[in-house]
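Asks: Sequence:
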Amino acid sequence: MEMVSLTIDGIKVEVEKGTTVLEAAKKVGIKIPTLCYFKDINKPSSCRVCVVEVGPRLLASCSLEATEGMDVKTNTRKVREARKTVIQLTLSNHKRECLSCSRNGNCELQTLAEEYNIRDVEYEGEIAPSDIDDLSCSIVRDNEKCVACGRCISVCSNVQTVSAIGWSQRGFDTRVTAPYGRALSETNCVNCGQCIMVCPVAALQEKENIQDVWNAIDDENKVVVVQTAPAVRVGLGEEFDLSVGERVTGKMVAALRRLGFDKVFDTDFAADLTIMEEGTELLTRVSKGEKLPLMTSCCPGWIKFVEHNYPEMLENLSTCKSPQQMMGAVIKSYFAKEMGIDAKNIYVVSVMPCVAKKFEGDREELSNEGLQDVDAVLTTRELAQMIKEMGVDFANLAEEDFDHPLGESTGAGVIFGATGGVAEAALRTVYEVLAEKELDQIEYEAVRGIEGVKEAALELPNGQTLNAVIAHGLANARKVIESIKSGEKSYDFIEVMACPGGCVNGGGQPIVKAQLRDEVDAKVARAKGLYSEDKALPIRKSHKNEAVQKLYKDFLGEPNGHLAHELLHTHYVKRDKF
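Using the numbering used here, the first residue of the sequence shown is number -1, and each one after it goes up by one.
Hints may be right or wrong, so weigh each one.
Quick list of simulated restraints, FRET-style, between CB atoms [said to hold, decoys possible]:
id, residue 1, residue 2, range
1, Met(-1), Gly287, 44 to 54 Å
2, Glu120, Lys533, 53 to 63 Å
3, Gly8, Asp574, 36 to 46 Å
4, Ala455, Trp212, 47 to 57 Å
5, Ser98, Asp7, 50 to 60 Å
6, Glu363, Thr83, 30 to 40 Å
7, Asn102, Glu288, 26 to 36 Å
8, Glu288, Gly555, 22 to 32 Å
As a list, the in silico BS3-like pairs of lysine-lysine whose alpha-carbon atoms are at most 25 Å apart [what the hints assert, rightly or not]:
id, residue 1, residue 2
9, Lys386, Lys220
10, Lys15, Lys335
11, Lys575, Lys477
12, Lys386, Lys205
13, Lys15, Lys25
14, Lys487, Lys477
15, Lys551, Lys572
16, Lys205, Lys511
17, Lys511, Lys477
18, Lys93, Lys511
19, Lys511, Lys82
20, Lys526, Lys511
21, Lys37, Lys526
None of these hints come from the bench; they were simulated from the model.
Note that the structure is a prediction, hence the values are computed from the model and not measured.
Every residue, glycine too, gets a C-beta built ideally from N, C-alpha and C.
Using the sequences and the hints, build the whole thing.
Replies: Here's what the structure looks like:
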């Protein structure tokens, strides 16, 4: 590999050719501020906050390649004044309501203003035209807070290949908008929320449902039941200054009880139930050779992506509802019957790492007898806000267990939150059901990790080979589907999660502070937390969940049976591509 030597603030540094000055400076501990830049996603050199002095010129370090003999200065008066001017100009066209902003304390523009000692804004003047788009049930866009960095456009177009938003107008009037000025809800947006995760300010945020949940809790006529997705337990602690990926399962349960929920259940139970239904569906399709490959249906962003872009493959999607929706359906049927409660008086709240789950909860197809399976969806961030409002010392809460029977789960249910987790959970069960014996090795390393596309072949006891592929991030999913359509590849089972890394990196998870992004890969740390919980649990296979077995024995009958289909399965619809 070819190396180049340069000097940064008098420090000699050697880097690989092609390395930017920004990255070279990090190598020797020199911090250069950024705003529009986001590693591996966006480096348009548009904000100019990262300027450095090279000779007589000020150049953007995020896109400036280091060259042999280059002499870079990052801390001259000229550089500092230029950066300060850029920050002030950005603030002059920004809705400065920091105290009431959802990103207060974790806003990159706010941090820059503090670091550069900006106490007033000298360039007050005309404000660019802006609007608020809050028609989506998942995502709110506030252009008055937008800093025109383009990160959201890059992640939507390049990482997700959705392109639901883009640039509009020119010059001072430039803004981010959906095509033809439409609302996001009128576009092919899949509600994944990755735009929220890369936004440096609060121009993008989830549609908040906190007050709806408080109102339900305060209603004496409602039985309010909450369920929590696996990825929440390895993200929630970050909102209370715990380590990235630290498991807080027991503390989370304790906090939910203190908030006033009548029952605290685990979506992992429904993940185990999903494996029973989806595994049976897979074996049936494989035996008949019909509607293959079977594509997972746990991720609502992925479902909507298929509806818009590949409607001809809707029949390949599993008919299984997602664990969130299965749990809601079971609560409003089985649990209601067992407790002698009218289902109309049960209010189901889901805590999810995902903003697309808000859209999913509102889908007409995911209801039964006029009742939605799920009544309200909170993100991990929203739950953290509720806990903060309650004034509890989360980090020091004594751990508590989920309520039974819908709080019992296995390690297979836990790993649903990481890319490859659904496939691994399914393979654990499918193999043992066919073999009618215990597996010695249940950890499928081939489906783990953050490689964009992973393939695995499982030799089944009946002599067949089950070919599976796992993709995360919709650009990777598109590659997989296109390879199948072209005849290049053939699979029996496809797992797709819309968000890079899976649910652990969902659009509703805590937003990692810019200062930490270079130190820790959140999706890796959070996935590690899930795998450690899987390993610690006494039961690690979905079909071994005794509470799920009892549900079938006492209520559902058998996997893919008549009642199971009525409550736990659904269909999807073709949507316009644009």
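Asks: Quick check: which numbered hints come out false for this structure?
Replies: Of the numbered hints, 3, 5, 6, 7, 10, 15 and 17 do not hold.
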